[in-house]
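Undergrad: One letter stands for each residue in the lines below.
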Amino acid sequence: MPALAERTKIKTETGNISSTTGLNFYSGCTGAYIFLWNSPIDVNTSMFASGSIQIQTQCYIPELSSKAKATLHRLYSFKQLKLNWDGNGALVPEEEVIQTAANFLFLLDEYDLPIYFTAPGPNGEIVLEYKNDQNSAEVFFERDNFSEMLLYNGDVQIYAGKVEKKMLIDHFNQH
Amino acid sequence: MENDIIEVKDEDRLLRRVLFTDPNYVREDMTVTSFAFKLRKEEEGLSVDIERLTTYEKSIVSVEKYRLFAVSCKDLRNLDLDCIHKPLPDNYAHAEISGSALNKNKVSSQLSKFAVYINYPK
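Protein sequences, first through last, are from chains A and S. So the first sequence is numbered by our numbering: it starts at 1 and just counts up by one. So the second sequence is numbered by our numbering: it starts at 1 and just counts up by one.
These are calculated hints, taken from the structure and not from any lab test. There could be a bad hint or two in this list.
Claimed, not checked - Derived lysine-lysine pairs resembling DSS-like cross-links, with alpha carbons at most 25 Å apart:
hint : chain 1 : residue 1 : chain 2 : residue 2
1    : S       : K86       : S       : K41
2    : A       : K131      : S       : K106
3    : S       : K65       : S       : K9
4    : S       : K86       : S       : K58
5    : S       : K106      : A       : K165
6    : S       : K86       : S       : K74
7    : A       : K165      : A       : K67
8    : S       : K104      : A       : K166
9    : A       : K79       : S       : K65
10   : A       : K165      : S       : K113
11   : S       : K104      : A       : K162
12   : S       : K106      : A       : K162
13   : A       : K166      : A       : K69
14   : S       : K104      : A       : K165
15   : S       : K106      : A       : K166
16   : S       : K41       : A       : K162
17   : S       : K106      : S       : K41
18   : A       : K165      : A       : K131
19   : A       : K82       : S       : K41
20   : A       : K162      : S       : K113
21   : S       : K104      : S       : K86
22   : S       : K9        : S       : K122
23   : A       : K82       : S       : K65
What the hints assert, rightly or not - One-sided excerpt, in silico: chain S residues whose CB lies under 10 Å from chain A:
hint : residue
24   : R27
25   : K38
26   : K41
27   : K65
28   : K104
29   : Q110
30   : F114
31   : Y120
Keep in mind that this is a model prediction, so the values were computed, not measured. Here a beta-carbon is modelled for each residue, glycine too, at the ideal position from N, C-alpha and C.
Based on the provided sequences and hints, a complete structural model is requested.
TA: Pasting the structure below:
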């Protein structure tokens, strides 16, 4: 009975996790994620277990918060924009950029992040803004899968760089 | 006098016209999003008006379409940007914010944090 004798581990890109650890599995439409005691480990790859254990997964479509629903509605309304929508030559966001932003909004709403504002930029980019009393964040989505994240404490910019979901979640969960 | 190029001083405030339609760059709390300070692909500088050389009424152009936000020249120089007076035939107050960092999200975002809403029209 090797499956029972062997301690089961979940293999990820970053190493093995014991199955005795508190794990929740999420496999949404944008990728696969493991949540370890409510902290996400972004594996973004298929998971498998050693031995004979089988993990049954199902696609989980979460209910969006009302703020996220309204933001999603705004995001999709950008599909109706025409070239020069601002009267100064603004480009229209491409479908792919809108969908990437929508997927991100879906995923991060699971963590009750305070979505606050969205807008299309002059060059076809999109920003999602998160904000609570102390902290704010701006996440930019552009063509060719470019994305960038800025984090603020008050008006002080404390991070500018590639999008790190865990960092963003921690930014709004710090006390 | 109206043809003279003036030196833009640190204490000068610069007025930026910001889109106030749908979609718009002004949030519900009347702060401004960073896209209001982002260069378009073909632009080399951001158009502003030097506050002391104009009026809000002239600078806003259309109260239906825009709102005004002010940034201090000192703040933008602290971001390694600069501002030069560039009068236009119909707008002596026109100036341009420039700098290689201006096309970066982190800089346009920081500029938007410095921007102060001008309560016009009241």
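Undergrad: Each hint should be assessed against the structure and marked as holding or not.
TA: Here's how the hints hold up against the structure:
For a cut-off of 25 Å, the pair hint linking S:K86 to S:K41 stands: about 20 Å separates their Cα positions. With a C-alpha separation of about 17 Å, the suggested pairing of A:K131 with S:K106 holds against the 25 Å cut-off. Of the supplied pair hints, the one linking S:K65 and S:K9 is violated, its CA atoms being roughly 29 Å apart against a limit of 25 Å. Distance hint between S:K86 and S:K58 is fulfilled; the C-alpha atoms sit about 17 Å from each other, no more than 25 Å.
For the given pair, S:K106 sits about 18 Å from A:K165 by alpha-carbon distance, which is consistent with the 25 Å threshold. Proximity of S:K86 to S:K74 is assessed by CA-CA distance (about 18 Å); at most 25 Å being required, the pair is judged to hold. Distance check on the hinted pair: A:K165 and A:K67 sit about 19 Å apart at the alpha-carbon level, within 25 Å; holds. Between S:K104 and A:K166 the alpha-carbon distance is near 23 Å, which keeps this suggested pair within the 25 Å criterion.
In summary, the hint linking A:K79 to S:K65 is supported, as the alpha carbons are separated by about 21 Å, within the 25 Å threshold. Using a Cα cut-off of 25 Å, the hinted pair A:K165 and S:K113 holds, with the two alpha carbons roughly 23 Å apart. Using a Cα cut-off of 25 Å, the hinted pair S:K104 and A:K162 holds, with the two alpha carbons roughly 13 Å apart. Note on S:K106 and A:K162: the hinted pairing holds, with a Cα-Cα distance of about 12 Å set against a maximum of 25 Å.
With a CA separation close to 22 Å, the supplied pair A:K166 and A:K69 stays within the 25 Å bound. For the hint linking S:K104 to A:K165, the alpha-carbon distance of about 21 Å falls within 25 Å, and the restraint holds. Taken as a hint, the S:K106 and A:K166 pair is honoured in the structure, with Cα atoms around 20 Å apart against an allowance of 25 Å. Simply put, S:K41 and A:K162 have alpha-carbon atoms about 21 Å apart, close enough for the 25 Å limit, and the pair holds.
Straight-line distance between C-alpha atoms of S:K106 and S:K41 comes to about 17 Å, which keeps the hinted pair within the 25 Å bound. Restraint check for A:K165 and A:K131: satisfied, since their Cα atoms lie roughly 15 Å apart, inside the 25 Å limit. Pair hint A:K82 plus S:K41 holds up; C-alpha atoms about 18 Å apart against a cutoff of 25 Å. Distance restraint check for A:K162 and S:K113: the Cα-Cα separation of roughly 21 Å lies within the 25 Å cut-off, and the hinted pair is therefore satisfied.
Taking the CA atoms of S:K104 and S:K86, the gap is near 23 Å; set against the 25 Å cutoff, the hint holds. Using a Cα cut-off of 25 Å, the hinted pair S:K9 and S:K122 is violated, with the two alpha carbons roughly 28 Å apart. Proximity of A:K82 to S:K65 is assessed by CA-CA distance (about 17 Å); at most 25 Å being required, the pair is judged to hold. For S:R27, the interface hint holds, the least distance from its beta-carbon to any beta-carbon of chain A being 5 Å, beneath 10 Å.
Here the hint on S:K38 is kept, as its CB sits about 6 Å from the closest CB of chain A, short of 10 Å. With a least beta-carbon distance of about 6 Å to chain A, the hint placing S:K41 at the interface is held under the 10 Å criterion. Interface restraint check: S:K65 against chain A, minimum CB-CB distance 7 Å, threshold 10 Å, status holds. With its C-beta approaching chain A no nearer than about 8 Å, S:K104 sits inside the 10 Å limit, and its interface hint holds.
With a least beta-carbon distance of about 6 Å to chain A, the hint placing S:Q110 at the interface is held under the 10 Å criterion. Contact between S:F114 and chain A, as hinted, is supported at the beta carbon level, the nearest pair being about 8 Å apart and thus within 10 Å. With its C-beta approaching chain A no nearer than about 20 Å, S:Y120 sits outside the 10 Å limit, and its interface hint is violated.
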